[in-house]
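Asks: Chains C and A are the protein sequences, given in the same order.
Be aware that the first sequence starts at 1, since it is given in the numbering used here, and climbs by one per residue.
Be aware that the second sequence starts at 1, since it is given in the numbering used here, and climbs by one per residue.
Derived by calculation from the structure, the hints in this document are not laboratory data.
Don't take every hint at face value.
Claimed, not checked - Lysine-lysine pairs mimicking DSSO-like chemistry, simulated, CA-CA at most 27 Å apart:
| no. | chain 1 | residue 1 | chain 2 | residue 2 |
| --- | --- | --- | --- | --- |
| 1 | A | K115 | C | K259 |
| 2 | C | K270 | A | K270 |
| 3 | A | K115 | A | K298 |
| 4 | A | K57 | C | K270 |
| 5 | A | K143 | C | K57 |
| 6 | A | K110 | C | K270 |
| 7 | C | K57 | A | K259 |
| 8 | C | K57 | A | K207 |
| 9 | C | K259 | A | K207 |
As the structure is a computational prediction, the values presented were derived from the model and not from experiment.
2 protein chains.
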Amino acid sequence: MKNHQIVLAARPEGEPRPDHFRIVESDLPKPADGQVLVKTLWLSLDPYMRGRMSAAKSYARPVEIGDVMVGHTVGEVVESRSAALKAGDAVAGYWGWQEYALADGKQLTKVDASKAPLSAAIGVLGMPGMTAYTGLLTIGQPKAGETVVVAAASGPVGSVVGQIAKIKGCRAVGIAGGADKCRYLIEELGFDAAIDRRAPDLREQLKQACPKGIDVYFENVGGEVFDAVLPLLNDFARVPVCGIIAHYNDTELPPGPDKTPRLLRAILSKRLTMRGFIVWDFADQADAFRRDVAQWLKEGKIKYREDIVEGLEAAPAAFIGMLKGKNFGKLIVRVAR
Amino acid sequence: MKNHQIVLAARPEGEPRPDHFRIVESDLPKPADGQVLVKTLWLSLDPYMRGRMSAAKSYARPVEIGDVMVGHTVGEVVESRSAALKAGDAVAGYWGWQEYALADGKQLTKVDASKAPLSAAIGVLGMPGMTAYTGLLTIGQPKAGETVVVAAASGPVGSVVGQIAKIKGCRAVGIAGGADKCRYLIEELGFDAAIDRRAPDLREQLKQACPKGIDVYFENVGGEVFDAVLPLLNDFARVPVCGIIAHYNDTELPPGPDKTPRLLRAILSKRLTMRGFIVWDFADQADAFRRDVAQWLKEGKIKYREDIVEGLEAAPAAFIGMLKGKNFGKLIVRVAR
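Using the sequences and the hints, build the whole thing.
Replies: Laid out in structure tokens, this is it:
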């Protein structure tokens, strides 16, 4: 039996290419005391990974050249030397882009397969769902009757943001790439309006969709979408800043003029709150998140969609495509059945 | 007896000029029931007035062409038809750039001349002081040992921000225009460091002055100062956005590149909070502000400096100079003795 791992082969400038990744084959490792050997079933692919491929300082350490790519994973314990786990247990953790991994038993979370499909633990019931829940409720503070706009709205974070906005009595407006995704937002997820981010009249459509302005803008994107949102923000609007996927592959700043003063002026004159966050800043809300979202899933108030690719070797191309918006739903890799 | 008023003659594009203002002479008006006639003693000149001269939508209505310029004022009741006030009472209000004015008695605040000089009611104990107090404490939330940076630091807002930061046990770093102002910040007000905003090595000096980074940046300025501050902000730093005087005379956006993505990336990766405010958003803190700052004045923990110009007719030139940083201390006009 051999293990396969995908490691960072080189740091991309701009868009990642397949040759920035490399597959490495090795023998299966043996767990030491307290460790388990896990077999990966599901690997989550998420935009933040682009940041980890760069050497730039951020909230987390970069992946070093030759290191296994980071990622949220679900798997099955194959061999356990941890008192807390036994072979056959389903667990979630952060062992990254590999078929097998050694993990400290204490760093893993048991997953109850009877409550939801295992893959939900890295999606709607995992980091993306909790990102949506904590950022929207804690920073966005949506009130009934307000308008909440979210971009990348058919993705695993945006789709939960919009559905929680509806649960809280808000008008939910999604921005997504293409007619299929927009139809899905309205027909499947119950958004009040959905706009194609590629529409030449994006600003005008957004204005039509938000007749009372925008009270909460959940920022996943940046770029032109942010430019379209800014003039529509109401006084005292809240902007949780969760991601700026439009800029992750930037190699330099966009051409001028410099719009920073316009943003500062809007923050001042509309008394906006912009606040960046990552999900771990709200780790103390994990229990509330799991309780609420599990309940909403059961009641059918939250739905989710997965975009599944097969096999670890497919991960690099799927990840590269995701940065261009090619996925439709939560992008996950079925590493093994 | 004649009244003199300064009205908005034309809307400036870019820097205001004297001919954007006009002096108007008229007869003294007679108070109607509930009104008082007040004689202006002190007129406050503040950067926000530049915004009111433009037609652009903001948090307050623009001054219309031909209207008296707005402004915070202190004066003496000359004639009263309000039950609450009598001739000779000292009052503060918002009757603007004029020697005499009619005012609704209920819109005026009595000022106790025995506690502080009357002019303090439009300075350290008035709107600028309260702006500093509310923005720093509510949004900035400085904690002992943290570093607070404020620009326009010798002005009526910045000087109080820095001194309250010291009272709260923080390191206070001021940025001001010129060596005299910087010396004043350190020698008179007790700032830990002061930096000339015109220094060619502003960024390097700021870095030296903030060896543990910046936890609170009280934004009065924008422009190059903001660019210098941004890389030094610590994780979870707070940025109360109070003003952007560097941009008030802008007629177009600055040349590129567009630095907005850099700002969004900093907000995200450092989990910054940027929040705009105006003092009236915190009107419920007026009592706490007056109590605390009056006490700190009495204890000598807060000092202030006034830059006095003589006569209403001197107001336009003084205001134009203030937008270029020519004042040193709170700029006020002695309209009458």
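Asks: Report the numbers of all earlier hints that the structure fails to satisfy, in ascending order.
Replies: 1, 6
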